[in-house]
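Number of protein chains: 2
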Amino acid sequence: MGARAIIAGDGALPGLVAAAGPALIVRLEGMPGGTGGADVVARLERLGTLFADLHRSGVTEVCFAGAMRRVGFDPAALDAETRALLPRLTAAMGQGDDALLRDIVAIFEEQGFTIRGAHELRPDLAAPEGAIAGTPRPEGDAARARAVLAALGPLDVGQAAVAAGGQMLGIETLQGTDAMLRFVAKTAPGSGGVLVKRAKPGQDLRVDMPVIGPDTVTLAASAGLSGIEIEAARVLLLDPEAVLAACAARGVALWAVP
Amino acid sequence: MGARAIIAGDGALPGLVAAAGPALIVRLEGMPGGTGGADVVARLERLGTLFADLHRSGVTEVCFAGAMRRVGFDPAALDAETRALLPRLTAAMGQGDDALLRDIVAIFEEQGFTIRGAHELRPDLAAPEGAIAGTPRPEGDAARARAVLAALGPLDVGQAAVAAGGQMLGIETLQGTDAMLRFVAKTAPGSGGVLVKRAKPGQDLRVDMPVIGPDTVTLAASAGLSGIEIEAARVLLLDPEAVLAACAARGVALWAVP
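The listed protein sequences derive, respectively, from chains R and A. Heads up: the first sequence begins at 227 in our numbering, then just goes up one per residue. Heads up: the second sequence begins at 227 in our numbering, then just goes up one per residue.
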């Protein structure tokens, strides 16, 4: 079996995946999270150089982990391989970040790398069905938020939503779950509502895994929410112990449903 | 023909509807907008008293205009009629604000009043199809936001949404359009995106008419948006001249589509 490389984005996930076994840590210049601790610092403009480095190191499997962000291209810095890919990348960019990420993954696969999801390397971080902390809240608000996410899923929108008293207080957009929770905290505090977080139906879990961490619990509590419902097996807990501790400290229930 | 009463909520709409012809202005204690300038100050706990007042004044048609907000009930202040209605109002409350509003309207109809919508009394404020200010933006972002609203409509969620570059930046929840625009301004400034505002498919326009005003244009501009698309004939312009002036001053395009 060949070596593993982790294309590391922001947050705790790259470190958690690195703990699953030896891996070359690759960081991309300009991405959130910086380039500290990387074995290889790459540039999106020089994918040809990156592929050659990885092949030379015997890498056969690649895991994308952590939050990525679209970065600008410097046309002057392009290597020949990336220049050849440019029309394709530009077309994908026009269709949004998900399309761009899917295309970058496809390019890695065409180079012979196997893509491994963070949830495959750390299955212990995925929540099984049932109560995780506290007592699940009555079904109404969670069902309402789930219905909204189900309606938006085919449009590739919405990983999370907040409902309280039968009303929607937040629907996640590009800015992410934390930004939505801050919005709810500011505009509808003390609702006692529920946050629901799920993978989108078409979401490629190998490269874009929904996560919650202790910060999510803290933000939900600050927004006056009483519970968090996640999708069993398809949402990762970053640092499960810290998540449980935050739930206990802030009185937030956490449970997983199919 | 009998007299007209306006049940006035917050904002400019009650004044605009009052300008359409003589009317008794009713304000409810505790509602946003206060009770200033009212001919009748009523309480939700004393609907029986309000109905008697209206009948005595010869009122046969009622127009609900302006933003309403759910207020608490003081059980000690209930009159006999309202006490009899309480089980029904409580049941409607459990299904959310729209259900409560629909039920209150039904109660007025059962009392013999005809409900007139703000758009019926001021049809001049509804935008016809076409460009209203500036040049409509390319279709992509408006179509994306429209698709999101269409998906959410059956769930009675979402009068407005913001898209930019193919991505969703805001989806309206209970807190309203202005709160969503402030969220976009803070979390995704300078996007050049488009705000789309439409009535929900099941929305009762007689009592809950979507509106935009000069403040909407200013907030959209502050959020870095380049255009606003509204639904022709089903979204009212509060003060069309001021809206046009704000569009011109801030370089925001405005157009209406079916």
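Do not take every clue at face value.
[Unchecked claim] What follows is a set of in silico ranges between Cβ atoms, one per label pair, in the way DEER data are often shown: (1) R:T361 - A:G366: 53 to 59 angstroms; (2) A:F299 - R:G366: 17 to 23 angstroms; (3) A:A459 - R:A325: 16 to 22 angstroms; (4) R:A325 - A:P354: 34 to 40 angstroms.
[Stated by the list, open to error] Just so you have them, the derived chain A footprint on chain R, three or more residues with Cβ under 8 angstroms: (5) 311 to 318; (6) 338 to 346; (7) 397 to 406.
Rather than coming from a laboratory, the hints here were simulated on the basis of the structure. We put the beta carbon where it would ideally sit given N, CA and C, even for glycine.
Evaluation of the provided hints:
At about 45 angstroms, the CB distance of T361 (chain R) to G366 (chain A) disagrees with the hint of 53 to 59 angstroms. Taking the beta carbon of each, F299 (chain A) and G366 (chain R) are about 21 angstroms apart, inside 17 to 23 angstroms as hinted. Checked against the given bound of 16 to 22 angstroms, the beta carbons of A459 (chain A) and A325 (chain R), roughly 36 angstroms apart, lie outside it. About 37 angstroms separates the C-beta atoms of A325 (chain R) and P354 (chain A), a value consistent with the hinted range of 34 to 40 angstroms.
Coverage of the segment 311 to 318 of chain R by chain A is violated in this model, with 0 residues showing a Cβ closer than 8 angstroms to a Cβ of that chain against a need of three. With 0 residues having a Cβ less than 8 angstroms from any Cβ of chain A, the segment 338 to 346 of chain R misses the three-residue criterion, and the hint is violated. Look at the segment 397 to 406 of chain R against chain A: 5 of its residues bring a Cβ nearer than 8 angstroms to a Cβ of that chain, three or more, so the hint holds.
Hint violations for this structure: numbers 1, 3, 5, 6, all remaining hints satisfied.
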